[in-house]
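Chemist: Protein chains in written order, with the UniProt record's numbering: chain A, 1 to 170; chain B, 1 to 337.
Please keep in mind that the hints were generated in silico from the structure rather than gathered at the bench.
Predicted, not measured: the structure shown is a model, and the values here were computed from it.
Check the hints yourself; a few may be wrong.
Unchecked claim - Okay, derived cross-link-like pairs now, DSSO-like style, lysine-lysine, Cα gap no bigger than 30 Å in a straight line:
#1 276(B) to 314(B)
#2 321(B) to 136(A)
#3 276(B) to 136(A)
#4 134(A) to 276(B)
#5 134(A) to 334(B)
#6 334(B) to 321(B)
#7 206(B) to 38(B)
#8 38(B) to 54(A)
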Amino acid sequence: MPTAVNSATYAAVPIGTVPTTLTINGETRTRAIEPWTTLLDLLREGEDLIGTKKGCDHGQCGACTVLVDGRRINSCLKLAVTLDGAEITTIEGLGQPGDLHPLQSAFCDHDAFQCGYCTPGQICSAQGLINEGKAKTREEVRELMSGNLCRCGAYSNIIDAVLDVIGEQA
Amino acid sequence: MNRFDYARPASVAEAVQAGAGEQVRYLAGGTNLIDLMKENVDRPMTVIDINRLPLDAIEELDGGGLRLGALVPNSNTAWDARVEQRYPLLSSAILAGASPQLRNAATNGGNLNQRTRCYYFYDVATPCNKREPGSGCGAIGGVNRIHAILGASDQCIATHPSDMCVALAVLDATVQVTGPDGDRAIPIADYHRLPGDEPWRDNTLKPGELVTGIDLPAEDFTQNYTYLKLRDRLSYAFALVSIAVVMRVEDGTIAEARVALGGVAHKPWRSTEAEKLLKGQQPSPQAFGAFADALLAGAVGQGENDFKILLARKGIIRALKQAAEATPQSQTDKRVA
Ligand SMILES: Cc1cc2nc3c(=O)[nH]c(=O)nc-3n(C[C@H](O)[C@H](O)[C@H](O)COP(=O)(O)OP(=O)(O)OC[C@H]3O[C@@H](n4cnc5c(N)ncnc54)[C@H](O)[C@@H]3O)c2cc1C
Ligand code: SF4
Ligand code: FES
Ligand code: FES
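Starting from the given sequences, assemble the full structure and let the hints guide the process.
Modeler: If you want it as structure tokens, here you go:
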């Protein structure tokens with residue numbers, strides 16, 4: 001039986017939910033989702049995947065970046081019901097303590113964060129950038145990482161970390 | 001966000017049927033609509049998710065042009081090999097906009113139909129004739145740094161925020177539309193409109209009409225072009241002024257030049273009359289300056305945005321030089337050469 005999912009902004013309403021199947025970090029689940037639930041709220045409130053962060057909730061910061069079918073998007077501006085059948089990867093799905101993703105290791109090695117609030121979005125965005133295959137040079141990585149703000153200003157180390165991983169893969 | 005009925009039609013015919021009702025919105029990438037719904041600026045009763053419609057391809061047109069499906073993401077459009085090779089201006093303009101994540105979600109149809117970024121339009125506690133007809137305009141006499149210098153009315157001074165549409169304006173694109181009364185094709189110049197005394201109407205789409213695609217005619221503007229975007233920070237910011245140019249240069253003389261401005265009006269700003277001034281000219285600061293004055297004729301500042309008039313004049317001259325010299329603005333290395 002699908003269970004109703006609370007959106008962050010409204011209590012559960014039994015009517016008007018839409019059965020939606022999502023594969024999140026490799027695990028397929030079907031839920032009855034209220035259509036006004038964003039992917040971000042579903043992940044954090046419904047699925048208890050709180051690695052993905054809410055910064056602005058308006059597409060202006062990139063903290064909520066996740067991968068949908070391998071493409072990076074802002075989960076705060078995406079209604080979950082529109083993604084029926086999609087594969088979602090969040091920071092939890094990229095790597096775990098003890099089994100870090102190369103980007104997570106590189107962020108540690110390069111000291112690419114201070115508070116860490118923007119980091120899950122930065123790393124998912126960097127994976128999306130690698131999947132796109134358009135950024136090779138430092139200038140290109142800078143420009144194509146510009147959708148992720150870092151209020152701590154760790155930018156230069158973030159670019160170093162991403163370049164490190166791109167270099168390894170090239 | 002208000003609650004709404006959700007529909008996910010599988011065919012264009014079903015979508016248009018569902019779209020005919022009151023307070024209905026088509027939902028594409030959602031990067032603008034969901035934002036506006038969160039702010040209660042838009043409160044549709046029904047949301048029609050059009051993402052399953054078969055409008056997600058870029059196709060060859062008879063005669064050598066391209067049709068860009070309404071649901072093709074902006075990033076796929078910009079990075080499509082045919083678009084990159086044949087319409088590099090369009091790739092450049094799209095890549096100058098928003099962020100990589102937003103361009104992945106944003107669609108061509110949604111980009112055309114995105115609403116203004118006017119602060120008062122977004123703030124439901126303030127008057128705005130576009131959001132609430134007859135309530136007044138908060139921006140006139142208010143905070144209006146990002147507002148229009150051309151074609152504004154005494155009811156609304158908002159600008160259209162798209163970069164893509166500025167490129168489409170000089171490429172003479174055509175918007176393909178279907179709706180309750182059948183199909184029609186709208187030249188890009190007639191698609192967006194000036195606010196006049198109906199500022200709530202951004203464009204000439206009729207209620208229930210759906211954009212199905214954007215047609216690009218076959219033309220060779222692959223050398224002499226540029227998209228120059230001037231803004232408060234180098235990336236992830238809307239244009240204060242942007243300039244799209246395509247040009248044909250023959251034996252050192254301008255055979256044809258087309259110029260459109262973004263960020264200055266309720267629609268991409270172009271004057272085919274003014275463009276005649278460039279025809280037959282040798283590229284020179286004097287010729288470019290005379291053209292800029294003609295294109296900006298009638299420009300008025302609203303106070304905080306007075307600077308845009310001089311910024312636009314200098315930007316036009318710079319962009320024409322870039323196009324004439326076949327040195328288009330890089331969207332990676334943002335130094336303006
Ligand atoms: C932080 C931020 C920064 C941005 N910066 C830029 C920038 O620098 N330059 C720029 O150009 N843009 C920028 N954008 C805007 C972005 O490009 C648009 O939000 C996007 O193009 C809209 O496309 P969408 O598919 O997400 O549309 P949606 O949000 O799904 O829809 C937008 C509107 O279009 C209507 N619509 C959608 N598809 C159709 C169709 N096929 N037929 C009829 N109506 C339709 C919807 O009903 C809705 O009213 C920015 C956005 C954000 C959030
Ligand atoms: S400029 Fe237009 S959109 Fe902005 S407050 Fe005035 S009427 Fe509204
Ligand atoms: S929380 Fe989504 S972009 Fe800021
Ligand atoms: S590390 Fe603090 S916001 Fe980026």
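Chemist: Each hint needs a verdict: does it hold in this structure or not?
Modeler: Consistency of the hints with the structure:
no., hint, result
1, 276(B) to 314(B), "holds, 20 Å"
2, 321(B) to 136(A), "holds, 29 Å"
3, 276(B) to 136(A), "violated, 42 Å"
4, 134(A) to 276(B), "violated, 39 Å"
5, 134(A) to 334(B), "holds, 17 Å"
6, 334(B) to 321(B), "holds, 16 Å"
7, 206(B) to 38(B), "holds, 25 Å"
8, 38(B) to 54(A), "holds, 14 Å"
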